[in-house]
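> Take the given structure of chain B and dock chain G to it, following the hints.
As they're listed, the protein sequences go chains B and G.
Under this note's numbering, the first residue of the first sequence is numbered 1, with each subsequent residue one higher.
Under this note's numbering, the first residue of the second sequence is numbered 1, with each subsequent residue one higher.
Be aware that a few hints might be false.
[Said to hold, decoys possible] A partial selection of chain B residues facing chain G, derived with a Cβ cut-off under 7 angstroms:
(1) LYS62
(2) LYS79
(3) ASN150
(4) LEU191
I should point out that these hints are in silico values taken from the structure, not numbers from a laboratory.
It should be emphasised that the depicted structure is a prediction, and the values quoted were computed from it without experimental measurement.
Cβ atoms here follow ideal geometry from the backbone N, Cα and C, with glycine treated the same way.
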Amino acid sequence: MESLNLEILLIKNLLTVSILLFLITGKAQAQFPEILIPKTAIIQYAGSIGYLSAGAGYPLFKNKRGNLDFNYGFVPAGKGGPLHIASIKFAYRPIEIKLKDWGRIYPLNPGAFLSYHFGKEFDLHWDKSQYEKGYYWWSSALRPHISVSNELKLNGKKLFRGSKINSLSIYSEFNTNELYMVSYLQNMGGLGLSDIFKLGFGVRLGF
Amino acid sequence: MNTRIVHLLLWVTLIFQACDSIEYSPNQIFDNDSPRDLNKKNLQWLSENAADDTIRFVLAGDSQREYIYSKKLVETINDIPGVDFVLLDGDISDFGLLQEMEWVNEIFSGLKVPYIGVIGNHDLVANGEKVFKRMYGDLNFSFVYRGVKFVCHNTNSREAAFNGRVPDLTWLKEQFVPEDGVNAYVAVAHVPPNDGDFDAKLSEEYINTINAHNTLAALYAHIHREDVFYPHGQNIPYICTNAIEHRQFMLIEIVNGKLEFRNITY
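With the rest of the complex left out, here is chain B (with noise of 0.2 angstroms):
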């Protein structure tokens, strides 16, 4: 039973992977639909989806200032872990401020996102056989986020003459989950914003 749970395991851990490698060379794929294709690269330090995590995102609506992000991150033993995260990430630039033709900021972005631990100790659905229906009310390896995000976005025509580089961006992103957020809720006074919003940083590159 434990040997046939831990396949899953990495069956499940190969599938995102290759997903994810698949999705960032897809661009040699020619006869790979278009809109399939990510726009860009993501490398991201902590933000309560890996110490660092990885990933492919893509644009969204005609003005390109959303995006919609699939990553995959892992903690070290040493910093906490092991652990394993996926994650798809949303989230939406309203305010943009150019900077002459060679960078734009975006100082305000709202974003949500789901994260999923892999691992024997997370339950996605709590066991039937061991708890009554409700015991726990929330899943141990599902975490929904809310985030905010501010961004710097470099030219990348400007940065990297003939590259294939279109733009490099530098971001820092807060978020909470929903477990940090009824804590919260529940403690108004006794614990402050600063206590349940964590931060990340990352580097997010467009082609």
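Showing chain G alone in chain B's frame:
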């Protein structure tokens, strides 16, 4: 010049604040400044107490997601004279998360006396067991204070899917083997043996083990109400404290080998 220094200090504060906010995952087992081995450290502190003839301690439980009431509890206990230590009897956290145990420890660090953390079912959720073991210590442990042996143990059978190994009766029996310097026993755990979350297959032998010795009481939390019962018709009280969410706890005293308790509302 002065404004520059102020600016610099503001930035430094902000950066430190930000570094404190770095999180790799809510389920990470530790971060840069997570405390370690709290029970060991607090028991060392307790052992430095000057001897007197009264043992007075607090039994509180279920601090889970109750940060304001936990702070009030700490203030209340700090105003009670002669308290030797506090037992925080499980469900320290609600979701088994590092951040919760850190918040709770920050609050309980405000106590003027040591506190001892005991494992609860909620503390075993997700990575909670690993977080607890690193931050507090073993799930089963004991300490002797002024001739009384406090046997703290894991009774969260449901979290082990009632596998017959929680509570660990072999370990428990070893704790009651006669030894020098021990005149009496107090058992401490989260789930009481008459609760549905306790492994029913083990409850008879469990109670027999505890009641077969000079045990003054068995202490529990979990049920979020005050309760006292005497299993097998013997005169050993099994005492459940109310939860921090109801702003109640038990104040317990052992004088001349006799244990007395009363419920306190704050």
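> When the nearest CB of chain G is found for ASN150/B, is that gap smaller than 7 angstroms?
Since chain G brings no Cβ nearer than about 13 angstroms to ASN150/B, farther than 7 angstroms, the hint is violated.
> Going by Cβ atoms only, is LYS62/B closer than 7 angstroms to chain G?
violated, 34 angstroms
> Does the interface hint hold: is LEU191/B within less than 7 angstroms of chain G, judged Cβ to Cβ?
holds, 6 angstroms
> For the hint on LYS79/B, does the least C-beta distance to chain G fall short of 7 angstroms?
Holds - the Cβ of LYS79/B comes within 7 angstroms of chain G, reaching about 6 angstroms at its closest.
Against the hints set out earlier in the document, violations occur for numbers 1 and 3.
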